[in-house]
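My request is simple: use the sequences and hints to build the entire structure.
Residue numbers (our numbering), protein chains in the order written: chain A, 1 to 365; chain B, 1 to 151.
Some hints could be false.
[Stated by the list, open to error] Keeping only pairs whose Cα atoms sit at most 25 Å apart, straight-line, the calculated BS3-like set for lysine-lysine is:
#1 K146(B) with K83(A)
#2 K108(A) with K67(B)
#3 K237(A) with K37(A)
#4 K181(A) with K238(A)
#5 K67(B) with K146(B)
#6 K30(A) with K67(B)
#7 K150(B) with K238(A)
#8 K146(B) with K277(A)
#9 K237(A) with K34(A)
#10 K124(B) with K37(A)
#11 K225(A) with K173(A)
#12 K257(A) with K282(A)
#13 K277(A) with K150(B)
#14 K124(B) with K30(A)
#15 K34(A) with K124(B)
#16 K355(A) with K128(A)
[What the hints assert, rightly or not] Some chain B residues close to chain A (C-beta under 7 Å, calculated; not the full set):
#17 F70
#18 R109
#19 W110
#20 I134
Read the hints as simulated data drawn from the structure, not as lab findings.
Backbone N, C-alpha and C define an ideal beta-carbon position, used for all residues, glycine too.
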Amino acid sequence: MTMNLPHFPIMLTDIVGSLLVIVFSYLMAKNFLKLFKRAPQDALWVYLFWFSSALFIFGLSRSMGHIVKHILYFLGDEEYWWKIAPYSGAVNSMAMVAMAAITMFFRKVLVIIRELEHHQHKLAETSKELVRLNEQMNRLVGERTRSEMALRLAHEVRNPTTIIGGLLRRLSKKNNIDQAKLRVSYLPKMLEQTRKLEEIVARFEDVLSHQITSLVLLDLNNIAKNCVESLLPSARKKGVNLHFTGVDAPLFFKGNKEILELSVRHLIENAIEVCKKGDSVKVSAQPAPDGVALVVEDTGPGISGERLEHILDPRYDDGSSQKIGFGLPFVKQIVEEHGGTLSIDSQEGRGTVVKIEFPTYLPET
Amino acid sequence: MTTKTRLLIVFVCIFILLQMNAYALQEHGATEGLLVHQGAHILFFLAMCDFSYRILRTQLFAPLSRKYLFGGSVLLALWNLWAFTGHILASRFTNSPLSHQVGDIFGGRWHITSITDLAYYILKMDDLLLAPAILFFFLASRQIIKEMGKK
Numbered sequence: 001m002t003m004n005l006p007h008f009p010i011m012l013t014d015i016v017g018s019l020l021v022i023v024f025s026y027l028m029a030k031n032f033l034k035l036f037k038r039a040p041q042d043a044l045w046v047y048l049f050w051f052s053s054a055l056f057i058f059g060l061s062r063s064m065g066h067i068v069k070h071i072l073y074f075l076g077d078e079e080y081w082w083k084i085a086p087y088s089g090a091v092n093s094m095a096m097v098a099m100a101a102i103t104m105f106f107r108k109v110l111v112i113i114r115e116l117e118h119h120q121h122k123l124a125e126t127s128k129e130l131v132r133l134n135e136q137m138n139r140l141v142g143e144r145t146r147s148e149m150a151l152r153l154a155h156e157v158r159n160p161t162t163i164i165g166g167l168l169r170r171l172s173k174k175n176n177i178d179q180a181k182l183r184v185s186y187l188p189k190m191l192e193q194t195r196k197l198e199e200i201v202a203r204f205e206d207v208l209s210h211q212i213t214s215l216v217l218l219d220l221n222n223i224a225k226n227c228v229e230s231l232l233p234s235a236r237k238k239g240v241n242l243h244f245t246g247v248d249a250p251l252f253f254k255g256n257k258e259i260l261e262l263s264v265r266h267l268i269e270n271a272i273e274v275c276k277k278g279d280s281v282k283v284s285a286q287p288a289p290d291g292v293a294l295v296v297e298d299t300g301p302g303i304s305g306e307r308l309e310h311i312l313d314p315r316y317d318d319g320s321s322q323k324i325g326f327g328l329p330f331v332k333q334i335v336e337e338h339g340g341t342l343s344i345d346s347q348e349g350r351g352t353v354v355k356i357e358f359p360t361y362l363p364e365t
Numbered sequence: 001m002t003t004k005t006r007l008l009i010v011f012v013c014i015f016i017l018l019q020m021n022a023y024a025l026q027e028h029g030a031t032e033g034l035l036v037h038q039g040a041h042i043l044f045f046l047a048m049c050d051f052s053y054r055i056l057r058t059q060l061f062a063p064l065s066r067k068y069l070f071g072g073s074v075l076l077a078l079w080n081l082w083a084f085t086g087h088i089l090a091s092r093f094t095n096s097p098l099s100h101q102v103g104d105i106f107g108g109r110w111h112i113t114s115i116t117d118l119a120y121y122i123l124k125m126d127d128l129l130l131a132p133a134i135l136f137f138f139l140a141s142r143q144i145i146k147e148m149g150k151k
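Structure, rendered in structure tokens:
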């Protein structure tokens, strides 16, 4: 077997191939770096970033060695290559070992991700259960309070109404009513029992008014401003621009300060969390037609139509790993307990607007 | 004074007081470099086999991204076998089948006289596997970014 084959195909594949390896491995590492920067706490992106970096170093060391070799041969400085070759080979071997070591770590990464998902799922389930229990407890407490109040009302009202009823029945049986006896005996007794009835009604009114006075007068400007100021460091750290716009006049409404600050903070935190570097979150407090309003507007990725429909339902699970907005059902419940409303408007790729409105005065019922 | 410190002092004294020829430095010949390189190829091959197997089983990526990652890792595993065999054949030659003039890198000729020569000639074109492998990984990275954008 004797053949004479050209060296040209080998050179061409080596030079073009080496250049392609450098270009593609660089672009791949750049893409994975982008993903890593977007979510540096995500185990999968951390792993892929390391994997792609090692692959890039391997590709670069191997291909640069080949290209340098051909250049030196072309220039007639072959002896230089023999000086560089051991170093180039050593770097290439080390890069391959590093690449292999990082690749083999994939098994462990899968275990970590699986465990994280499991814990996340359990956490989501627990939170859902908590919301459900909270709703159930609210219902039970409401029913119990109503029953207790009804029983107490029935008990306290029974005596006066029985006495008044008895007196009226006796009077109705008499053909001739003795006006003097009526004035001296019947009417004072009936008036006495009526007074007792009025006292009972007044006591119940007092109980109801106490429930309302646990809510204090608040300024929505201050609440929003405090929340924005406390979240500025975390927004800066993420590279998100967080702004607050208020109005000069106070935006008074009645509510529980601690719970409402917690809810507003949660809305702003959610917005910061979904945003990436360079995005902005605008928080504004403003008067509304029926009271006062707080608007949290972000330029984040937005929410898909199907997810948006169910985002306020604590039982909804879209199966995605994103748990952003998970506390929204809680916030909605708190806002509604204050007689307010919560609405969300979002467009995928353009951002989300969450608006909560409170009445200036709480309704009497 | 702890037992560890006492032992350390005893060893230091032995090394200082008892003079003898030092044979500790191990010499490394040129063959060792090739062995390390071949060992790295085996390790890299095994890692890529493991990676491709796990990529097939995991649901972490969308089907298209998974296909690209699987393709890239299988090609890279094959490339390791290809290069490993190439290095073995290269070490057997005392006279290279390639003859070319200095400075004329494209114009050389290969005098093929056996199947081994022909195999070596083909195995020299290992970029035919390596470049597509890296291309697959690049396509996977692009696809994953696209899918993330959709989410």
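Would you check the hint for K277(A) and K150(B), treating anything up to 25 Å between C-alpha atoms as holding? Between K277(A) and K150(B) the Cα gap is close to 18 Å, so the pair holds against 25 Å.
Using 7 Å as the Cβ threshold, decide whether R109(B) counts as touching chain A. Since the shortest Cβ distance to chain A is 5 Å, the answer is holds.
Compare the distance between the alpha carbons of K124(B) and K30(A) with 25 Å, and conclude whether the hinted pair is satisfied. 30 Å, violated
If you draw a straight line from the CA of K150(B) to the CA of K238(A), is it 25 Å or shorter? With Cα atoms ~22 Å apart, K150(B) and K238(A) stay inside 25 Å; holds.
Restraint outcome when F70(B) is required to lie within 7 Å of chain A by C-beta distance: Not OK, violated: F70(B) not within 7 Å of chain A, min 13 Å.
Are the Cα positions of K225(A) and K173(A) separated by 25 Å at most? The hint is violated at about 72 Å.
Distance restraint between K108(A) and K67(B), which requires alpha-carbon spacing of 25 Å or less: 21 Å, holds
Given the hinted pair K146(B) and K83(A), is their alpha-carbon gap at most 25 Å? It is violated: about 45 Å lies between the C-alpha atoms, which goes past 25 Å.
Against chain A, is W110(B) within 7 Å by beta-carbon distance? OK, holds: W110(B) within 7 Å of chain A, min 4 Å.
Compare the distance between the alpha carbons of K30(A) and K67(B) with 25 Å, and conclude whether the hinted pair is satisfied. 20 Å, holds
25 Å limit on alpha-carbon distance, applied to hinted pair K34(A) and K124(B): 35 Å, violated
Would you check the hint for K67(B) and K146(B), treating anything up to 25 Å between C-alpha atoms as holding? Given that 25 Å is the threshold and the Cα spacing comes to 15 Å, the pair holds.
Violation of the numbered hints given earlier is confined to hints 1, 4, 10, 11, 14, 15 and 17; the remaining hints are satisfied by the structure.
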